[in-house]
Amino acid sequence: MAGFDKTNNTPPRWLLAELTYACPLQCPYCSNPLDYAKYPSELSTEDWMRVLTQARKMGAVQLGFSGGEPLTRKDLTELVRHARQLGYYSNLITSGYGLTEEKIVQLKEAGLDHIQVSIQASTQELNDHIAGTASYVHKKEVAHLVKKHGYPMVLCVVIHRENIHQMQDILEMAEELGADYLELANTQYYGWAHANRDLLLPTREQFEEAERIAQAYKEKVAGKMKIYYVVPDYYEDRPKACMNGWGTTFLTIAPDGVALPCHSARELPGLDCPNVKDLSIEEIWHDSKAFNFFRGQEWMKEPCRSCDEKHKDFGGCRCQAYLLTGDMYNTDPVCSKSPNHQVIDAAIASAAAVALAPNEKPLLFRNSKNSREFM
Amino acid sequence: MTIQPDKIISFSPTHRLQWEEAQQKNVILYPEGMVELNTSSAEILKLCDGTRTLDQLINELEQKFATTGLSNDINAFLEVALHNGWIRQN
Ligand code: SF4
Ligand code: SF4
Numbered sequence: 000m001a002g003f004d005k006t007n008n009t010p011p012r013w014l015l016a017e018l019t020y021a022c023p024l025q026c027p028y029c030s031n032p033l034d035y036a037k038y039p040s041e042l043s044t045e046d047w048m049r050v051l052t053q054a055r056k057m058g059a060v061q062l063g064f065s066g067g068e069p070l071t072r073k074d075l076t077e078l079v080r081h082a083r084q085l086g087y088y089s090n091l092i093t094s095g096y097g098l099t100e101e102k103i104v105q106l107k108e109a110g111l112d113h114i115q116v117s118i119q120a121s122t123q124e125l126n127d128h129i130a131g132t133a134s135y136v137h138k139k140e141v142a143h144l145v146k147k148h149g150y151p152m153v154l155c156v157v158i159h160r161e162n163i164h165q166m167q168d169i170l171e172m173a174e175e176l177g178a179d180y181l182e183l184a185n186t187q188y189y190g191w192a193h194a195n196r197d198l199l200l201p202t203r204e205q206f207e208e209a210e211r212i213a214q215a216y217k218e219k220v221a222g223k224m225k226i227y228y229v230v231p232d233y234y235e236d237r238p239k240a241c242m243n244g245w246g247t248t249f250l251t252i253a254p255d256g257v258a259l260p261c262h263s264a265r266e267l268p269g270l271d272c273p274n275v276k277d278l279s280i281e282e283i284w285h286d287s288k289a290f291n292f293f294r295g296q297e298w299m300k301e302p303c304r305s306c307d308e309k310h311k312d313f314g315g316c317r318c319q320a321y322l323l324t325g326d327m328y329n330t331d332p333v334c335s336k337s338p339n340h341q342v343i344d345a346a347i348a349s350a351a352a353v354a355l356a357p358n359e360k361p362l363l364f365r366n367s368k369n370s371r372e373f374m
Numbered sequence: 000m001t002i003q004p005d006k007i008i009s010f011s012p013t014h015r016l017q018w019e020e021a022q023q024k025n026v027i028l029y030p031e032g033m034v035e036l037n038t039s040s041a042e043i044l045k046l047c048d049g050t051r052t053l054d055q056l057i058n059e060l061e062q063k064f065a066t067t068g069l070s071n072d073i074n075a076f077l078e079v080a081l082h083n084g085w086i087r088q089n
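Going down the list, the protein sequences come from chains E and L. All residue numbers for the first sequence refer to numbering that gives the first Met the number 0, where the first residue is 0 and numbers rise by one. All residue numbers for the second sequence refer to numbering that gives the first Met the number 0, where the first residue is 0 and numbers rise by one.
Hint data in this document are derived by calculation from the structure and do not stem from the laboratory. The reader is advised that the hints may include incorrect statements.
[Stated by the list, open to error] Derived DSS-like pairs (lysine-lysine); straight-line CA-CA distance at most 25 Å:
#	chain 1	residue 1	chain 2	residue 2
1	E	K56	E	K139
2	E	K223	L	K6
3	E	K102	E	K56
4	L	K24	E	K223
5	E	K139	E	K219
6	E	K37	E	K56
7	E	K56	L	K24
8	E	K217	E	K147
9	E	K217	E	K139
10	E	K37	E	K288
11	L	K45	E	K107
12	E	K147	E	K239
Excised from the complex, chain L in its bound form (with noise of 0.2 Å):
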């Protein structure tokens, strides 16, 4: 599954983000499972708000850190975020 750039990425309604304070860390949650977040996973993730394409969530990512060069990255997780159904396109 790829990232359509043209489109706006968009958490799934289905699954939730959250921070747990006993764990010290982000997880997502669904039916019978949880997983574990590292940071950067957590920080690309909460831009999947609806509200960004592909292009401007690199953007604002690189913006943010003050860097360049995250697009490869950043696609790439996105594209495992999507295969898991974590993330939607439409």
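Extracted from the complex, chain E is given alone in its bound form (with noise of 0.2 Å):
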């Protein structure tokens, strides 16, 4: 935190804009904040043309136009032709629900280079009932239209014990779908998956099975399909890098204008974290409380401060820390090394009990109305 030297910070890569928390879907797996009806507010146009140009200057490359759904932001093509004149690589990340393909083909003449399109699970049933909205028939749809379109075409499927099962399945249906990318993104206990994880979070015997299938996959689709993995880090050693490091490289702009080191970073107490109307993404970066607090290795305590790996992954996920222990300086405990590592355990144990529990509790879907329960 203190004494930190601001022409040693390297500039922000990865832009993601969070352009609005208004989504048709009701993942309950969401990332975004359970409480997330507490800040309706969204920046204006002009607000957002502002913080691209900003974060471009500073060396910012990669765009995300996220959410909730980016589609329901009616300004959406003129950004996206904005962030490519500044010369950003630019994705909408997208439940794909409502785009059509006239509006495909305006955004890719606007200049959007790829669109990554989430689907829920293998099957019609299952898919409609995680999203909470029918919507398989036209996700696939659009899958073939952004693939006819000639954008790389992502499809990004969230992994979790409801549909582990139908690995092999989902890996066929986007190879079928003609991905060029595939995302497996095994869900990450944060925010809404948090709230749901005795509902979410697989065995280890089912991960590993599935991690098995995946990986056979990966080499039998090798220069055809890229998959991405996104490992569950409740079943590793060693927490993840995360943010490559806390201002390193990562910014994000939640809808309201709130700057964050990484998306969850809203939720972590007494960052005050800025607000891109009040300061500029420079002033922010280099200046602000919220994008110190966690740069370098100051803050931490044992056993990441005389760890020989705190290189490596940064004492793992603050937002893990303070979610899962209560004190957001503590070691993430997914590390085996970490006095709190038996949180995990017991996670894990306990989404074991439920699965076999008689009477499942319902899955607490991502809405306003569940939202405002937390407010």
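Now that you have both chains on their own, put them together as the hints suggest.
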């Protein structure tokens, strides 16, 4: 925190623009904050234009338009066009819901580089159940159209206990749809996913079986379809190198303009995350309390502080440390060296017990009504 | 994967090659990723614009840099590029 020299800061490379929290879907693993209904205000078109310009000037080049569902923003095409003029490589991260061929063409002309469509499962019944909205048929149609109009097609499937048994079918579906990239994202337990963890976390056996299938398929489709496999960190011995290091690479702007070093960071206490309505991206990146909070290694506690692996994983994820141990300075409990590692074992055991229970409790779907319960 | 001598080489339509002012480097951009290029790799890739075969490309670079004997290096790099999907032939 203290004494950090801003000339040592690397500039942001990846900008995640969360345009809105509005979304027609209700995925129970959504990474938006549980209390998102508390933040209904959205940045204006001018605000977003300025943010894109300032971040690009600093060196940001990969840009994700996300949400919520970014298609609900009327000015999306305008923002895409501006991003292209600035030289961003831009990505629309969408549920596909409400995406028409006309819009796909319009966005292409505006300069959008790729579209990432999420599908919840390989069957209509499960997809529509998880999404909380009938959307399967349309999503597949969208995937075809994305391909037809010359975009690299990135299919994203979030993996959890309800769909992990479909791994083989999911892989086949992706190949059949002509995906150039398949992102198999094991659920990360933040936000809504954390609230639903007992119902979503697969067993170690399920996870190992699914990973084996995915790895074998990776070889089969090498050179044709690239598979990004996001590991479920609860089954690892070491935490992920979260955000490639705090305030080194990633910049997220939430719908209301709050700038975040990672998209869950607004749940951490005392960071005073700045807003782009008050400060420039340059000021936010270099000088704000939030972006300097966990830069470097000064903040670390034991066992990270004297650990020879701290350059590799930066002590893991701050949000996970906070969520699972109540102290955001702690070692990420996923690490086997963490004195709190038993919370992970307990979470796994608790999920397994729930899986075996005769009456499963229902999933908590991500919608405004449920969100207001957390305000 | 090997480069076929009789076919022209083009840059992948789903990747983008561009100069990054902030990094003072050419980069390749693609979904979820970015590769930083050194000067010679960038020079080679810029000529993969759908108008040249391998031999034509080598000739042009050897002329540009007034040298000979680049063919092995260029071929090896292009094989990597093909394998990574940065370029294509058809
Ligand atoms: S995860 Fe689902 S509910 Fe959340 S923003 Fe994406 S599509 Fe909407
Ligand atoms: S103790 Fe900390 S730095 Fe060491 S491996 Fe674990 S999380 Fe990483």
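Verification of the supplied hints:
no., hint, in the structure
1, E:K56 x E:K139, "violated, 37 Å"
2, E:K223 x L:K6, "holds, 20 Å"
3, E:K102 x E:K56, "violated, 29 Å"
4, L:K24 x E:K223, "violated, 28 Å"
5, E:K139 x E:K219, "holds, 23 Å"
6, E:K37 x E:K56, "violated, 32 Å"
7, E:K56 x L:K24, "holds, 15 Å"
8, E:K217 x E:K147, "holds, 24 Å"
9, E:K217 x E:K139, "holds, 22 Å"
10, E:K37 x E:K288, "holds, 23 Å"
11, L:K45 x E:K107, "holds, 23 Å"
12, E:K147 x E:K239, "violated, 36 Å"
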